[in-house]
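These protein sequence lines map, in sequence, to chains A and B. Under the working numbering, think of the first position of the first sequence as 1, with each following residue one higher. Under the working numbering, think of the first position of the second sequence as 214, with each following residue one higher.
Because the hints were derived from the structure by calculation, they are not lab data.
Quick list of simulated restraints, FRET-style, between CB atoms:
hint, chain 1, residue 1, chain 2, residue 2, range
1, B, Ala503, A, Pro106, 56 to 62 Å
2, B, Lys217, A, Tyr12, 45 to 51 Å
3, B, Ser286, A, Leu95, 35 to 41 Å
4, A, Arg34, B, Asn545, 47 to 53 Å
5, A, Leu79, B, Val547, 34 to 40 Å
6, B, Ser286, A, Glu96, 39 to 45 Å
7, A, His60, B, Asn545, 26 to 32 Å
8, B, Gly380, A, Arg34, 50 to 56 Å
9, B, Val547, A, His109, 53 to 59 Å
10, A, Ile20, B, Val547, 55 to 61 Å
11, B, Gln446, A, Val132, 44 to 50 Å
12, A, Ile30, B, Gly349, 39 to 45 Å
Quick reminder that beta carbons are idealized off the backbone N, C-alpha and C, glycines included.
Here's the letter readout for the chains.
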Amino acid sequence: MIENLIDGPLWYFSLAVFVIGVVWRLGSIIFASRKQDLSVARGAAGPAAIKTVFSRFVPHKEIVSQITVPFVAGYMFHLGLFALLFFAAPHVAFLEENLLGFGWTPMPHWAFIVASQLAFLGLIMLWVRRMVNPVSRLISTWDDHVAAILTFVVMLTGCFALLEGSTGLRLLHRFSVELWLIYFPFSALMHTFTFIPSRAFTGAWFGRRGIDA
Amino acid sequence: MSEKLEKGLEVLRAEMDSKAQAFFSSCVNCGICAESCLFYTETMDPRYTPIYKTEPLRKLWRNEYSFWGKISSALGFSKTMTESDLTDWEELVYDGCSMCGRCSMVCPVGVDISGMIFKVKHALSKAGISPEGLIGATQRAVDIGSPMGITLKTVKAMIKHVEKNTGLKIPMDVEGADYMALLSSNEIALYPEYLESLAKIFDHAGVSWTLSSDAFEATNSGLQIGNKTIAGQLVQRVVDGAEKLKVKTVISPECGHAYTALRWEGPNFIGKAYPFRVVHILELLDELQAAGKIRTTGKEGERLTFHDPCSIVRRGGVNAQPRNLLEPITENFVEMADHGNMNWCCGGGGGVSSNERAEELKLTAFNRKKSQIEATGATGVVTACSNCRMVMEEGVETNEMDVELLGLTEMIAAHLEDRPN
Numbered sequence: 001m002i003e004n005l006i007d008g009p010l011w012y013f014s015l016a017v018f019v020i021g022v023v024w025r026l027g028s029i030i031f032a033s034r035k036q037d038l039s040v041a042r043g044a045a046g047p048a049a050i051k052t053v054f055s056r057f058v059p060h061k062e063i064v065s066q067i068t069v070p071f072v073a074g075y076m077f078h079l080g081l082f083a084l085l086f087f088a089a090p091h092v093a094f095l096e097e098n099l100l101g102f103g104w105t106p107m108p109h110w111a112f113i114v115a116s117q118l119a120f121l122g123l124i125m126l127w128v129r130r131m132v133n134p135v136s137r138l139i140s141t142w143d144d145h146v147a148a149i150l151t152f153v154v155m156l157t158g159c160f161a162l163l164e165g166s167t168g169l170r171l172l173h174r175f176s177v178e179l180w181l182i183y184f185p186f187s188a189l190m191h192t193f194t195f196i197p198s199r200a201f202t203g204a205w206f207g208r209r210g211i212d213a
Numbered sequence: 214m215s216e217k218l219e220k221g222l223e224v225l226r227a228e229m230d231s232k233a234q235a236f237f238s239s240c241v242n243c244g245i246c247a248e249s250c251l252f253y254t255e256t257m258d259p260r261y262t263p264i265y266k267t268e269p270l271r272k273l274w275r276n277e278y279s280f281w282g283k284i285s286s287a288l289g290f291s292k293t294m295t296e297s298d299l300t301d302w303e304e305l306v307y308d309g310c311s312m313c314g315r316c317s318m319v320c321p322v323g324v325d326i327s328g329m330i331f332k333v334k335h336a337l338s339k340a341g342i343s344p345e346g347l348i349g350a351t352q353r354a355v356d357i358g359s360p361m362g363i364t365l366k367t368v369k370a371m372i373k374h375v376e377k378n379t380g381l382k383i384p385m386d387v388e389g390a391d392y393m394a395l396l397s398s399n400e401i402a403l404y405p406e407y408l409e410s411l412a413k414i415f416d417h418a419g420v421s422w423t424l425s426s427d428a429f430e431a432t433n434s435g436l437q438i439g440n441k442t443i444a445g446q447l448v449q450r451v452v453d454g455a456e457k458l459k460v461k462t463v464i465s466p467e468c469g470h471a472y473t474a475l476r477w478e479g480p481n482f483i484g485k486a487y488p489f490r491v492v493h494i495l496e497l498l499d500e501l502q503a504a505g506k507i508r509t510t511g512k513e514g515e516r517l518t519f520h521d522p523c524s525i526v527r528r529g530g531v532n533a534q535p536r537n538l539l540e541p542i543t544e545n546f547v548e549m550a551d552h553g554n555m556n557w558c559c560g561g562g563g564g565v566s567s568n569e570r571a572e573e574l575k576l577t578a579f580n581r582k583k584s585q586i587e588a589t590g591a592t593g594v595v596t597a598c599s600n601c602r603m604v605m606e607e608g609v610e611t612n613e614m615d616v617e618l619l620g621l622t623e624m625i626a627a628h629l630e631d632r633p634n
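This is chain A alone, in the form it adopts within the complex (with noise of 0.2 Å):
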């Protein structure tokens, strides 16, 4: 009964969730109002704009080193956790079978158990900053707590799921996963889109005054 219920309506429940809502919080952002900046431009905001979606990716070198441990352990968990998400072998396979119908390479086990270290290690170095480091402690809210818990109990149920083997087990990690597509769209998490349009349009300011940012 509940391995039906979680293998099915409430997967396709989650699933429908995540992605009506990640295009409406997407849409409500892009399609809200937004003034035309009048002055004359010194450079293109387009290019500045895409460039800036990726140039954000390495911090710049006048302050790389006072923030080595957000910056390292930022890398760790997000590095790890996409390995994971989309290498880990029996991600591919229930990708292959229930989403896409098309298949790659998994990652070998050592490089899972390397890809999971790193994403634990970096998600609890966060977290912990996150309750000492007392800028972090300052602003940080519920939801970004809440977030950390979900991704660090999806993250467990998973390695459970794949070391153990049984249904229960596997079960569990998916009943997280569901919970945390359900969270995801209302929540920290939808950083992981958002940072695109928050970047462009950084980046396009700057770019617009012919400031390389």
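Since the structure of chain A is already known, use the hints to place chain B on it.
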């Protein structure tokens, strides 16, 4: 709901555009922006974290634009904003932010934090929640035409001195001149050598220029206090003056925020494009030098460095020009460790220097610039903003540093080749 709160929220709602929603949807509260802000690095007070200064606007976004805010509101659980959500942030955005924009350069998700802080300042100023000093300066700018209360008579008196010192005629209200020069209040009250230098350089380069008796003041207190309506009124005076004289180009003086107000934000404040071009004085000097119209001689022997005014360089895009101008007249020039687009502010931008209440914090923030200057071993700091120069002179005096502050336009004027007879 109080009148102030109502007005503040009305303005914040009007400011909640596409950009603000993208920014607040993306911020993950990493706090990296704190490390870019000299008010944080010099005090270690987390309240000065740049993104925290946007909290009034962000709270409104959470309450009225986010999913959970809308749900809470529908269920009657939403936390309504109170006047203290605005008044408690007044000190943070007016005393603890120089609008230098360094935070906007480092945000990993690309939030233009400085732009969001300006929106908060706009709401606070419209609601009447601003420091007394800035309100007074803005009122003088509207009533008299200058935040320091400078009138045309004062300018005319200065012109007499400049004409006597240089032997050159300062053109006033010349219709059809190519360029109309503006002056900041500081340049009239503290640094008359700027006008002297302009006269010498333009005479040397054969530039057709004029001052306007209707629009001589470039300082825009409306921008400093964050009030777009007043900023627009002050910009309109310049536009009217330039249109009356039918000039082709208006020259923004050595003043950072004046350049932002006139060059970049002015058309948006008044709602229309200008029929003339606006250049910063450094842009014009660079153009004249490149065209061979400015010829300099001799080099400064002392060790010099350059302080990048934030509004001119990082937020204004005039980065290469000061270097181009310094290169031929210096032989011992050294850059600060963080320079150009990643420079550190002097601590007095964004109206902080006009806000008496922020004096102590401003001097604390100056410690960053102090250590930067000391690391270069320079005995002279060149800059191109009279406000930066004034703030740094105060910092240098307070800290008993053996450093001289120099204006770049004056340096160029001091190195002009003699004109052939």
